[in-house]
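Undergrad: Numbers 1 to 496, taken from my numbering, label the letters of the sequence shown in order.
Hints are computed from structural coordinates only; laboratory data are not their basis.
Warning: the hint list may mix true and false statements.
Derived BS3-like pairs (lysine-lysine); straight-line CA-CA distance at most 30 Å [to be verified]:
hint, residue 1, residue 2
1, K356, K429
2, K446, K475
3, K442, K460
4, K459, K246
5, K475, K442
6, K442, K356
7, K119, K250
8, K446, K355
9, K426, K356
10, K442, K398
11, K476, K211
12, K398, K119
13, K211, K460
14, K211, K179
15, K103, K119
16, K246, K442
17, K446, K426
18, K119, K192
19, K192, K356
20, K429, K211
21, K398, K314
22, K211, K250
23, K476, K429
24, K192, K250
25, K103, K129
26, K103, K246
27, K179, K103
28, K476, K460
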Amino acid sequence: MLKSTCPSSILRNRISCNTRSSKQARHLHSGRPSSSQVIRKNPQDVFRAPLGKSVGVVGRTLRISALLIGISLGSVYVGFEAYDQYIEHVELAPPVHDPEAEKWEWDSEQTHWNGDSRKGGTDPGLGRKARHLVRAASTAHTTPNFVADPMANGPFAALQNPNMAVNAGYLQASGILEKAIALAEPREAAGKLHPETFTLLLTRHASYLEKLGPVAFSRAKARYEQLWERNGSAFAAWRLGELDIKTGNKDGALQWLTRAIQRAQGTEDAQIASLPPSPSNQRVLASALVSLSTFYASNARLAEAAALQTTTLKLLPPQAEASASFPETLHYSTLAQRASVLSLQHAEVLFAQGKKPEQCIRWLESAAESSTTIVRLLAQNDSLVLSPPYAESPYLQKSAQELFRDARRTVSEAWHLMGILKEQAKNQKPSDILSCYEEAMKWVGKVDENGNVMPDVVKKADWQHLISRRDRLAKKLVTSPEGSEPATQRKRWFGF
Numbered sequence: 001m002l003k004s005t006c007p008s009s010i011l012r013n014r015i016s017c018n019t020r021s022s023k024q025a026r027h028l029h030s031g032r033p034s035s036s037q038v039i040r041k042n043p044q045d046v047f048r049a050p051l052g053k054s055v056g057v058v059g060r061t062l063r064i065s066a067l068l069i070g071i072s073l074g075s076v077y078v079g080f081e082a083y084d085q086y087i088e089h090v091e092l093a094p095p096v097h098d099p100e101a102e103k104w105e106w107d108s109e110q111t112h113w114n115g116d117s118r119k120g121g122t123d124p125g126l127g128r129k130a131r132h133l134v135r136a137a138s139t140a141h142t143t144p145n146f147v148a149d150p151m152a153n154g155p156f157a158a159l160q161n162p163n164m165a166v167n168a169g170y171l172q173a174s175g176i177l178e179k180a181i182a183l184a185e186p187r188e189a190a191g192k193l194h195p196e197t198f199t200l201l202l203t204r205h206a207s208y209l210e211k212l213g214p215v216a217f218s219r220a221k222a223r224y225e226q227l228w229e230r231n232g233s234a235f236a237a238w239r240l241g242e243l244d245i246k247t248g249n250k251d252g253a254l255q256w257l258t259r260a261i262q263r264a265q266g267t268e269d270a271q272i273a274s275l276p277p278s279p280s281n282q283r284v285l286a287s288a289l290v291s292l293s294t295f296y297a298s299n300a301r302l303a304e305a306a307a308l309q310t311t312t313l314k315l316l317p318p319q320a321e322a323s324a325s326f327p328e329t330l331h332y333s334t335l336a337q338r339a340s341v342l343s344l345q346h347a348e349v350l351f352a353q354g355k356k357p358e359q360c361i362r363w364l365e366s367a368a369e370s371s372t373t374i375v376r377l378l379a380q381n382d383s384l385v386l387s388p389p390y391a392e393s394p395y396l397q398k399s400a401q402e403l404f405r406d407a408r409r410t411v412s413e414a415w416h417l418m419g420i421l422k423e424q425a426k427n428q429k430p431s432d433i434l435s436c437y438e439e440a441m442k443w444v445g446k447v448d449e450n451g452n453v454m455p456d457v458v459k460k461a462d463w464q465h466l467i468s469r470r471d472r473l474a475k476k477l478v479t480s481p482e483g484s485e486p487a488t489q490r491k492r493w494f495g496f
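Could you put together the complete structure from these sequences and hints?
TA: Listed below in structure tokens is the structure:
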């Protein structure tokens with residue numbers, strides 16, 4: 001029997017089908033998956049999309065960071081190379097040709113870093129790395145501050161003492177030059193360098209080591225010995241003699257100073273008959289004779305010291321004429337300053353031999369007068385500032401600065417010793433003695449920005465010694481019948 005179909009049920013089934021079809025259509029048009037689709041999807045796919053996005057973001061970040069780091073490093077490298085080339089072509093540029101300075105052989109004492117001084121810069125034969133190091137050393141040594149570095153390392157074990165003060169610039173420059181010389185040595189052996197370049201580097205390194213003080217004397221001596229083996233120069237022998245004096249090697253000091261005198265004269269005779277024709281050798285000879293005088297006096301060989309001083313003072317020429325050029329003036333002033341030091345030493349030797357204070361004072365007055373003249377020749381407008389013709393000359397600057405400081409110290413020491421001798425002499429007024437100590441302070445002191453008088457070219461201990469003597473005499477004058485006012489209340493002028 002066939003089942004009858006009700007028209008109403010057929011209608012309901014059609015409506016239900018239409019409803020489901022319309023819902024599915026809406027899901028398709030909306031872009032959202034149906035519940036059945038969600039159920040059928042792999043659960044791992046739910047996390048895969050965000051993870052991929054995170055990895056992409058991290059990758060882009062790393063690429064951008066690497067790019068920025070590369071740009072930064074590139075900028076630093078470009079800046080370093082630019083500064084390095086500035087040093088090569090500007091700071092180390094060859095000086096303007098000065099025939100007068102070369103006539104007096106000041107070009108040999110000029111601070112340059114190429115064996116061929118007329119080219120300037122650094123020797124191309126050194127190679128890229130060694131040239132970088134030489135340029136770095138040329139600027140490092142000018143660091144002005146003195147530091148005590150308890151963390152210092154390397155060959156200077158004494159620098160581990162935090163109370164050991166050294167010049168930071170010379171310490172750094174000597175370390176840099178050590179590396180540069182190690183790189184240059186095989187190139188020198190292969191004949192790739194200018195004939196004077198390696199000698200120049202040895203000289204610079206030895207000088208910087210010597211300036212570091214006792215902690216580096218042995219290494220400085222090794223460099224000067226290496227320099228002596230290369231060229232047998234009077235300069236190297238003189239510096240070796242000086243180092244042996246400082247380290248107490250009496251036999252070595254006498255041998256090296258004798259060699260320096262012989263090489264400077266160009267003979268094997270240690271007796272000095274006249275000055276050599278070379279201005280540079282004249283200056284080295286005068287310096288070596290002063291060192292030999294110091295050696296004799298410090299070892300109680302007073303008769304030999306006095307004889308050498310008398311002979312040398314007759315040998316050295318007087319000051320240059322007023323019409324002389326600046327290089328010529330500096331040359332003769334250098335020789336005159338050596339004579340001043342010998343006069344001062346002669347006064348000390350005479351005193352040690354038991355001579356009267358008045359006789360010693362005359363030699364001290366001669367030393368003070370000569371060095372005062374030198375300071376005035378080099379100074380600017382009656383001040384204690386080096387005159388521009390010397391301070392701004394690439395040929396004269398270094399030697400003039402050293403001479404200027406040395407002359408100021410000699411004037412001060414001469415006045416200081418005069419004060420001490422006058423205290424021991426008879427019929428000397430306390431005010432005259434006090435003026436000696438004040439004069440000694442005047443030449444080595446400076447007024448700081450706060451108006452306080454500070455030591456300039458002497459050690460602090462020497463300055464304090466002068467102050468104590470001055471103050472003692474000032475107190476003595478308070479009760480003196482002379483009626484002079486105390487020195488601490490007097491106006492002092494630290495010029496000429």
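Undergrad: Does the alpha-carbon distance linking K103 and K246 stay inside the 30 Å limit?
TA: Given pair K103, K246 is violated - Cα atoms ~34 Å apart, limit 30 Å.
Undergrad: So if I understand the rule, the pair passes when the alpha-carbon distance is 30 Å or less; does K356 with K429 pass?
TA: 18 Å, holds
Undergrad: Need the status of pair K429, K211: alpha-carbon distance at most 30 Å?
TA: Violated, because 42 Å separates the two Cα atoms, which is more than 30 Å.
Undergrad: Is the straight-line distance between the alpha-carbon of K119 and that of K250 30 Å or less?
TA: 42 Å, violated
Undergrad: Hey, K192 versus K356, does the alpha-carbon distance stay inside 30 Å?
TA: Distance of about 63 Å is beyond 30 Å: violated.
Undergrad: So if I understand the rule, the pair passes when the alpha-carbon distance is 30 Å or less; does K475 with K442 pass?
TA: Holds, at about 20 Å.
Undergrad: CA of K179 to CA of K103, is that 30 Å or under?
TA: Status violated; Cα separation ~35 Å.
Undergrad: Please verify whether K103 and K129 have alpha carbons no more than 30 Å apart.
TA: Judged against 30 Å, a Cα distance of about 36 Å means the pair is violated.
Undergrad: Compare the distance between the alpha carbons of K398 and K314 with 30 Å, and conclude whether the hinted pair is satisfied.
TA: 28 Å, holds
Undergrad: For a C-alpha distance cap of 30 Å, please report whether K211 and K179 respect it.
TA: Holds - the C-alpha atoms of K179 and K211 are around 19 Å apart, at most 30 Å.
Undergrad: Sort out whether K426 lies within 30 Å of K446, counting only the CA atoms.
TA: The given pair, whose Cα atoms are some 33 Å apart, is violated under the 30 Å limit.
Undergrad: Checking one constraint from the list: CA of K398 to CA of K119, max 30 Å. Satisfied?
TA: Given that 30 Å is the threshold and the Cα spacing comes to 20 Å, the pair holds.
When held up to the earlier numbered hints, the structure conflicts with 7, 8, 11, 17, 19, 20, 24, 25, 26 and 27 and fits the remainder.
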